[in-house]
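For reference, the chains in residue letters:
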Amino acid sequence: MKFLVCISNVPDTTTKITFTPDNKEFNKAGVQFVINPWDEYALTRAIELKEAQGSGTVTVLNVGEADTEPNIRKALAIGADDAIRVNAAPKDAWFVAQQIAHYAKEGGYDVILMGKESIDYNGFQVHGMVGELLGIPTVAPAMKLDMSGNTATLEREIEGGKEIVEVNTPFVASCQQPMCEPRIPNMRGIMTARTKPLKVVEAVGEGAATAVAEYQLPPKKQGVKLIDAANAGELIKLLRNEAKVI
Amino acid sequence: MSVLVVVECDKGEVKKSSLEVASYGAQVAQMLGTTATAVAVGEATEANLAQLGEQGISKVLFDNEPRLKDFVNGAYTKLIAAAADKEQAKVIVLANSNIGASVGSRLAVRLKASLATNVVELPKTDGGQFTVKRGAFSGKAFADVVLSGERKIIAVKKNSIEAQHNGGQTAQVESFSAQLSDADFADAPKQVIMQDQAGGILLPEADKVVSGGRGMKGPENWHLIEDLAKALGAATACSKPVSDVDWRPHHEHVGQTGITVSPNLYIACGISGAIQHLAGVNSSKVIVVINKDPEAPFFKAADYGIVGDVFEVLPKLTQAVKELN
Numbered sequence: 008m009k010f011l012v013c014i015s016n017v018p019d020t021t022t023k024i025t026f027t028p029d030n031k032e033f034n035k036a037g038v039q040f041v042i043n044p045w046d047e048y049a050l051t052r053a054i055e056l057k058e059a060q061g062s063g064t065v066t067v068l069n070v071g072e073a074d075t076e077p078n079i080r081k082a083l084a085i086g087a088d089d090a091i092r093v094n095a096a097p098k099d100a101w102f103v104a105q106q107i108a109h110y111a112k113e114g115g116y117d118v119i120l121m122g123k124e125s126i127d128y129n130g131f132q133v134h135g136m137v138g139e140l141l142g143i144p145t146v147a148p149a150m151k152l153d154m155s156g157n158t159a160t161l162e163r164e165i166e167g168g169k170e171i172v173e174v175n176t177p178f179v180a181s182c183q184q185p186m187c188e189p190r191i192p193n194m195r196g197i198m199t200a201r202t203k204p205l206k207v208v209e210a211v212g213e214g215a216a217t218a219v220a221e222y223q224l225p226p227k228k229q230g231v232k233l234i235d236a237a238n239a240g241e242l243i244k245l246l247r248n249e250a251k252v253i
Numbered sequence: 004m005s006v007l008v009v010v011e012c013d014k015g016e017v018k019k020s021s022l023e024v025a026s027y028g029a030q031v032a033q034m035l036g037t038t039a040t041a042v043a044v045g046e047a048t049e050a051n052l053a054q055l056g057e058q059g060i061s062k063v064l065f066d067n068e069p070r071l072k073d074f075v076n077g078a079y080t081k082l083i084a085a086a087a088d089k090e091q092a093k094v095i096v097l098a099n100s101n102i103g104a105s106v107g108s109r110l111a112v113r114l115k116a117s118l119a120t121n122v123v124e125l126p127k128t129d130g131g132q133f134t135v136k137r138g139a140f141s142g143k144a145f146a147d148v149v150l151s152g153e154r155k156i157i158a159v160k161k162n163s164i165e166a167q168h169n170g171g172q173t174a175q176v177e178s179f180s181a182q183l184s185d186a187d188f189a190d191a192p193k194q195v196i197m198q199d200q201a202g203g204i205l206l207p208e209a210d211k212v213v214s215g216g217r218g219m220k221g222p223e224n225w226h227l228i229e230d231l232a233k234a235l236g237a238a239t240a241c242s243k244p245v246s247d248v249d250w251r252p253h254h255e256h257v258g259q260t261g262i263t264v265s266p267n268l269y270i271a272c273g274i275s276g277a278i279q280h281l282a283g284v285n286s287s288k289v290i291v292v293i294n295k296d297p298e299a300p301f302f303k304a305a306d307y308g309i310v311g312d313v314f315e316v317l318p319k320l321t322q323a324v325k326e327l328n
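So the protein lines, in turn, are chains A and B.
Add 7 to a position in the first sequence, counting from 1, and you land on the number used in the working numbering.
Add 3 to a position in the second sequence, counting from 1, and you land on the number used in the working numbering.
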């Protein structure tokens, strides 16, 4: 079975977010980039399923410029077999979805996995767009994924519960916890990753459907009002009479 | 041309987040000089749909197909696309829920529309551009996004817009068929399992949340969180370390890699306030922090704070709420 895992390159979760002086772009200076944490579930689960099946391949795909290659190599070190980098800055979800759909179709993949969203743009869009472009089902967000032959059983999270869904390949799923325990690279993986194939291809399709005009930081809090622990009940009065939230 | 609003229903009732969506859509319609039509998904009743008039909806399209009770991506997408075409909708508004965003992303491709998810404010239409503000960087920032497509789809984040209630107005409920076939239900769920929610309040829908961290010392102490939540009518939540060690289920994990909440009131008990946790809660209107460590970083992000032992403070708060009620 051929797995395609889409990964994005995002600022580490501990990053303090700042923007360029015109507020049009994220300020990358001094920022550590990592594989999007949600994508790690997709990657590890694909590798686990391939190992369980005893055959098949896991290909990682990233839409990004050359500076994303360290994280693509990291995905190869974790256990993917080969990689595709679409050589373009990811303009928006529609742009990225067109790349994934094009190269997924070209490669004839059975299962297309990705994280439920990226932690930088938080779109929760790409999986649905890829599924629609390819005319195949999308299951998002999936908390569990098992395969039996060409049939997948997934748990999809819905508000307040979950659905058990069965789909046949090919399909798209976006992944989140507790699907698996994301793996970290070991020394042997890091060594073999250096020689695994990483193909660089050009972008296809139309441009973006949206554009960011400006970024803003959330307004700062006024400062905390402290209430004496011995007189904790006072807080409840303030929440009712001053903050008016209860 | 009208604005199309997608309302999610559950057990006959329109979800609270969808009342907000309906109000949002009605206000957009007013800005554009048109009317707002809703299309219902989930288990709905005609009487409850008619009440969407209170949110400013003039008409509701209702497909009485029983299989639409549960979320089926293929069928929902086809239904909403058919409604959008019937109404010649240029703007489609839905909830930024797992259902709304799943369907919205497929619709964007099918209808060749520009899509913005996680939207927190009404659009701006000055200068001939259609701009919406959306949350980005997992709650650490906002982005103003220009939607350039002729059609636009907006997924509205919960608790960002106040649901309006204009008493006495009713919407006209019109039966509508999208001619759904068995093939549209190919990805229908085999089974739907709903969680037991403490006090019956869903965390993503809650407007008050009481949340516990490692400072609670163990799952056996969670009754203190639950008691306060019950008294307040709040949902319960937890930090990542707590769900990682299985003290609480993962669907209660709030933070950058869990769920993002934006209630009116968020009470954090024994949570130090790591940057990843703050990202998940910092759009809450009022944040209360209870922690015995006065240096806990969460106090910097809080509106009210108590430096003290959660095991002593929580029962006092619960008692005070009961006295107030």
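The set of hints was computed from the structure by calculation and includes no laboratory data.
This one's a predicted model, so the numbers in the text were calculated from it and none came from an experiment.
One or more hints might be untrue.
As the list claims (entries may be wrong) - Okay, derived cross-link-like pairs now, SDA-like style, lysine to any residue, Cα gap no bigger than 25 Å in a straight line:
(1) K115(B) with K227(A)
(2) K227(A) with S286(B)
(3) K232(A) with E298(B)
(4) K220(B) with F40(A)
(5) K98(A) with E164(A)
Evaluated hints:
| no. | hint | result |
| --- | --- | --- |
| 1 | K115(B) with K227(A) | violated, 38 Å |
| 2 | K227(A) with S286(B) | holds, 11 Å |
| 3 | K232(A) with E298(B) | holds, 15 Å |
| 4 | K220(B) with F40(A) | violated, 33 Å |
| 5 | K98(A) with E164(A) | violated, 28 Å |
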